[in-house]
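Q: Counting in our numbering, the final residue of the sequence shown is number 293, and the numbers go up one at a time with none missing.
There could be a bad hint or two in this list.
Cut-off 30 Å, straight-line C-alpha distance, at most; resulting in silico cross-link-like pairs (DSS-like, lysine-lysine) [as the list claims (entries may be wrong)]:
(1) Lys83 to Lys236
(2) Lys107 to Lys233
(3) Lys250 to Lys107
(4) Lys83 to Lys107
(5) Lys250 to Lys236
(6) Lys107 to Lys57
(7) Lys147 to Lys107
(8) Lys147 to Lys57
(9) Lys147 to Lys250
(10) Lys250 to Lys233
(11) Lys233 to Lys147
(12) Lys236 to Lys107
(13) Lys83 to Lys147
(14) Lys54 to Lys83
If you are wondering where the hints come from, they were derived from the structure by calculation, not from laboratory data.
Computed from a predicted model, the values in this text were never measured in an experiment.
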Amino acid sequence: MINEEHLIAIGNAIREKREAPDETYKPREMAAAIRTVPTEITEIIQSPETNLKLPKETTEIGRYAYMGGDTGLNLTSVVAQKSDYYDYSGISIVKPFAFANQTNLKSVDLTPARYLTYLGDEQSGKVAGWGNSFVFQNCSSLETVKLPPQTAYDNTNNYLTYIGRGCFQNCTSLTDTHFITSSIRSIGPQAFENTGIETLWLPHEIYYVGCEELVNENNPNVPGGRSFAGCKNLKRVAQVISDDVHVPKYIAPDTFADCPNLTLIQVCWSEGAVPGAPWGATNATIEYNHTI
2 MINEEHLIAI GNAIREKREA PDETYKPREM AAAIRTVPTE ITEIIQSPET
52 NLKLPKETTE IGRYAYMGGD TGLNLTSVVA QKSDYYDYSG ISIVKPFAFA
102 NQTNLKSVDL TPARYLTYLG DEQSGKVAGW GNSFVFQNCS SLETVKLPPQ
152 TAYDNTNNYL TYIGRGCFQN CTSLTDTHFI TSSIRSIGPQ AFENTGIETL
202 WLPHEIYYVG CEELVNENNP NVPGGRSFAG CKNLKRVAQV ISDDVHVPKY
252 IAPDTFADCP NLTLIQVCWS EGAVPGAPWG ATNATIEYNH TI
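Produce the complete structure using the sequences and hints provided.
A: Put into structure tokens, the structure is as follows:
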């Protein structure tokens, strides 16, 4: 099992390799750095299967931290652990490409990370088209994802509100999106592009799909979209019913492009309230003012 001491050794190897700790390292350079780690740790990293328990006191999962491919790291599951001091995990940020290209990764459970705020760059939910995520990009075996629910534990509003650009792109085994919790307000461009989802439940308070918040308000034509494009198995999209009907501010016109089996979209708002319908779903019928 990879523990905190192993991660520290890997981090030190990376810093020594780069000789510039403030610079952002690239995946291949990271792989080269890891090869300088002591043999016994390298053997653990390159084991055929790894069920990763994230270090208990970790607050941040770094860019490329567990990226597959050249690193030789082969994950099958990822679990956030509760701290020894608190009844939750301290993880608040998972940076871009943290688990990308882990083609054997099947399950991710971040439920204990109740203060998880970002999946990607810290600005990913604020600057349209610029914030990257790609956290689980190309994890083609990923089937199960658990994210922390929205709960105002300390009234700080520190919870996940945004699923960033390309976060689950090309996760072709991912069929269920019930993990998109009620706290999610924005879904970034390409976030679920080319996934295996069959039914999509949109949160009842969704604000933006395919384009992030601030730049969209200043420039509605900013590039960005295809949040669910290429989902060949997608048949139905429905907005979660709530007492408070919420009308999104923006849905990109190509959100559901190349979804040939999508035939039904059920939303709580009135026809014409959100421009661009059917948002790329050329074969879909839209049921407005949906209440069931």
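Q: A separate judgement is required for each hint: does it hold in the structure or not?
A: Hint by hint, here is what the structure shows:
Simply put, Lys83 and Lys236 have alpha-carbon atoms about 37 Å apart, too far for the 30 Å limit, and the pair is violated. Our distance criterion of 30 Å between C-alpha atoms is met by Lys107 and Lys233, whose separation comes to about 20 Å. Simply put, Lys250 and Lys107 have alpha-carbon atoms about 34 Å apart, too far for the 30 Å limit, and the pair is violated. The suggested pairing of Lys83 with Lys107 holds, with an alpha-carbon distance near 21 Å, which does not exceed 30 Å.
With a CA separation close to 24 Å, the supplied pair Lys250 and Lys236 stays within the 30 Å bound. Using a Cα cut-off of 30 Å, the hinted pair Lys107 and Lys57 holds, with the two alpha carbons roughly 21 Å apart. Distance restraint check for Lys147 and Lys107: the Cα-Cα separation of roughly 12 Å lies within the 30 Å cut-off, and the hinted pair is therefore satisfied. For the hint linking Lys147 to Lys57, the alpha-carbon distance of about 18 Å falls within 30 Å, and the restraint holds.
Note on Lys147 and Lys250: the hinted pairing holds, with a Cα-Cα distance of about 27 Å set against a maximum of 30 Å. Under the criterion of a C-alpha separation no larger than 30 Å, the hint pairing Lys250 with Lys233 is consistent with the structure, at around 26 Å. Distance hint between Lys233 and Lys147 is fulfilled; the C-alpha atoms sit about 23 Å from each other, no more than 30 Å. Restraint check for Lys236 and Lys107: satisfied, since their Cα atoms lie roughly 23 Å apart, inside the 30 Å limit.
The hinted pair formed by Lys83 and Lys147 meets the criterion: a straight-line CA distance of about 15 Å does not exceed 30 Å. Between Lys54 and Lys83, the direct Cα distance comes to roughly 10 Å. Compliance with the 30 Å bound is thereby established for this hinted pair.
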